[in-house]
Amino acid sequence: MENKKLVETVAANLGRTQKDVSKLLEAFAGVLRTRCGDMDSVYVPSFGTFEPKKRNERVMVHPRTGKRMLVPPKVVLGFKMSNVLKSKLK
Amino acid sequence: MDKKVTFVELVDLMAEASSTSKRVCELFLRELFSTISQALINGESVKVNGVGTFKLTQVKGRKAAKNKSDEDSSLGGYSRVSFTPDKSLAEAVNQPFAHFDTVILDDALTDEKLAEIDEQHPSVLPQTADAEETVVAPKEPAKAVEKKEKAVKTEEHKVSTAVPVDDDIPFDVPELSEPAPSPEPDGFYVPFDAIAPAAVKVETPKEPEAEQPAPAKPVNETSNVDADATVKAAEPDDDRKARLEELKRKPMLIGRPIDGPSRPVPKQEEKEEAYVDKHFYRPEPRNAYKPSPEQIERASRKTDKRWIWAALAVLAVGSLIWLLSRPSGKTEEPVQQELAVTDSDSVAAGAVETVEVAEVKKEAEKPEPAKAAEPSKPAKAAESKVVTDIITPKVVLTTLADKYYGSQWFWVYIYEENKAIISDPNNVKPGTEVVIPPAEKYGIDVHNPASLKKAQRRSWELLR
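If you read the protein sequences in the order shown, they are chains A and B. My numbering numbers the first residue of the first sequence as 1 and each following residue consecutively. My numbering numbers the first residue of the second sequence as 1 and each following residue consecutively.
Here chain A stands alone, though its shape is the one from the complex (with noise of 0.2 Å):
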């Protein structure tokens, strides 16, 4: 499903325009970006958490050239589904 799609049926069963879903979409992915920029995590019931993670630095070998690369220390972010969705998708 792609995000226009996602934002048609979204808007269709809230009975908004597609313009209102998408703004607040759009506000949604920011508070996503703020919040998890500064390594909170955002805990969505029924549905998961979005958390971000250190990814620690380490020494990686190019496996077509052998070379050896430091790669550097990083923040990921990463989702852990509910077990609420767990359980439907079973």
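Hints may be right or wrong, so weigh each one.
Quick list of in silico lysine to aspartate or glutamate cross-link-like pairs, DMTMM-like style, CA-CA up to 20 Å [said to hold, decoys possible]:
1) K19(A) with D424(B)
2) K88(A) with E417(B)
3) K54(A) with E417(B)
4) K67(A) with D101(B)
5) K86(A) with E461(B)
6) K47(B) with E57(A)
7) K4(B) with E2(A)
8) K53(A) with D2(B)
9) K394(B) with E440(B)
10) K80(A) with D86(B)
11) K54(A) with D2(B)
12) K74(A) with D2(B)
13) K22(B) with D20(A)
14) K88(A) with D424(B)
15) K87(B) with E51(A)
16) K55(B) with E2(A)
17) K87(B) with E26(A)
18) K87(B) with D20(A)
19) K74(A) with D86(B)
20) K67(A) with E112(B)
21) K80(A) with E9(B)
22) K47(B) with E2(A)
23) K90(A) with E44(B)
24) K4(B) with E51(A)
25) K88(A) with E112(B)
26) K88(A) with E31(B)
27) K86(A) with E416(B)
28) K3(B) with E2(A)
29) K4(A) with D86(B)
30) K80(A) with D101(B)
31) K22(B) with E26(A)
Simulated from the structure, these hints should not be mistaken for lab results.
Given chain A, put chain B in place with the hints provided.
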């Protein structure tokens, strides 16, 4: 940092960011994630702009690690949601480490090692080919190294610009603080102007500190004066106090405080405390008023007794209702039989007894209408035991549980009863009719902490 943003907070933040009402945001979020999860259940992957892509991935079933029991221990496969954050989101999250780059580790040590190897094993000359390669290779990494060096240099610059200031302060501050009143007009001391405020800052907090105790003392003095005044006023009372204290102590020794004086005691105690506080001196009598263990016990026993009485009353009422709610026919029949017996007796005996019989009849008839009326209610309840309620935006599972069982924690049982209708306990569609199970079915009892705890555990398990 490392905080969990709850749904309520998320809604608040979103309402702030989008300048709409919280209600709209909440409805939107619920709808958004229910549609996403619905799409996921249908096997679709969902792409959300600015957030990322949710995709279903299948986790294959596997054999569990060997355990001692020879049971077939295979773990079933399942599908899980994999989430790939949008590029903008990923960058925003990785902001603190954004300036790092992957560095190829091709350091100078290799040359030395090569040289060593050459020295040790001159016969292994063919390695020069490798050496040539290495000569060619460093061109690329060299740039990287240069870059690194530059980066390091700039960092060093930053540090060097930062460090001297730090170094200056400790050296200059003592000098400054002394000749501060007569600053030299030379250009030499230009940086001092910048530092001067710091020195002033350092100095200023001391002054108020020095000043504060000064006004504090007079306060103490005045309080002492007050205390003295009160002492003078209280002196005539001292003898009485001493007596009262004695009185108080004696019963304490016996272990049976007199009920009479116990009431005025608290007031006395307050006075004493005020008196004591003013003199910065706490004598033992302060402890004397502590309720003796016996007192505490008695109080607890009283409350215990009250509880017992309450429980007994509840039991009595319950048994009465139970008795009344029993099939009314059975209870009535014996009465009628008795009546019949008494009737026949009365016919045989005479007219005098018929009066009594009439009385008995009256007595028997009186409770009958009550009996007839009361059992009808439970009967109705029994008929309509399948209690249903409708979910509205304001009435959700927890509110229903609170209404019917007395605690919101019991919502789990309502959910379990209606699992077929409710797909998501957090997001029940308004208008759905929910069956409220009878409390006995799941052992629901608000007054039983064990039952409450069980419900709580269940709800945590469900929502985790």
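Status of each hint after checking the structure:
no.: 1; hint: K19(A) with D424(B); result: violated, 28 Å
no.: 2; hint: K88(A) with E417(B); result: holds, 17 Å
no.: 3; hint: K54(A) with E417(B); result: violated, 42 Å
no.: 4; hint: K67(A) with D101(B); result: holds, 16 Å
no.: 5; hint: K86(A) with E461(B); result: holds, 12 Å
no.: 6; hint: K47(B) with E57(A); result: violated, 30 Å
no.: 7; hint: K4(B) with E2(A); result: violated, 29 Å
no.: 8; hint: K53(A) with D2(B); result: holds, 10 Å
no.: 9; hint: K394(B) with E440(B); result: violated, 27 Å
no.: 10; hint: K80(A) with D86(B); result: holds, 16 Å
no.: 11; hint: K54(A) with D2(B); result: holds, 11 Å
no.: 12; hint: K74(A) with D2(B); result: holds, 16 Å
no.: 13; hint: K22(B) with D20(A); result: holds, 14 Å
no.: 14; hint: K88(A) with D424(B); result: holds, 9 Å
no.: 15; hint: K87(B) with E51(A); result: holds, 16 Å
no.: 16; hint: K55(B) with E2(A); result: holds, 12 Å
no.: 17; hint: K87(B) with E26(A); result: holds, 14 Å
no.: 18; hint: K87(B) with D20(A); result: violated, 23 Å
no.: 19; hint: K74(A) with D86(B); result: holds, 16 Å
no.: 20; hint: K67(A) with E112(B); result: holds, 18 Å
no.: 21; hint: K80(A) with E9(B); result: holds, 19 Å
no.: 22; hint: K47(B) with E2(A); result: holds, 5 Å
no.: 23; hint: K90(A) with E44(B); result: holds, 15 Å
no.: 24; hint: K4(B) with E51(A); result: holds, 9 Å
no.: 25; hint: K88(A) with E112(B); result: violated, 61 Å
no.: 26; hint: K88(A) with E31(B); result: holds, 17 Å
no.: 27; hint: K86(A) with E416(B); result: holds, 17 Å
no.: 28; hint: K3(B) with E2(A); result: violated, 31 Å
no.: 29; hint: K4(A) with D86(B); result: holds, 15 Å
no.: 30; hint: K80(A) with D101(B); result: violated, 28 Å
no.: 31; hint: K22(B) with E26(A); result: holds, 16 Å
The earlier numbered hints that this structure contradicts are 1, 3, 6, 7, 9, 18, 25, 28, 30.
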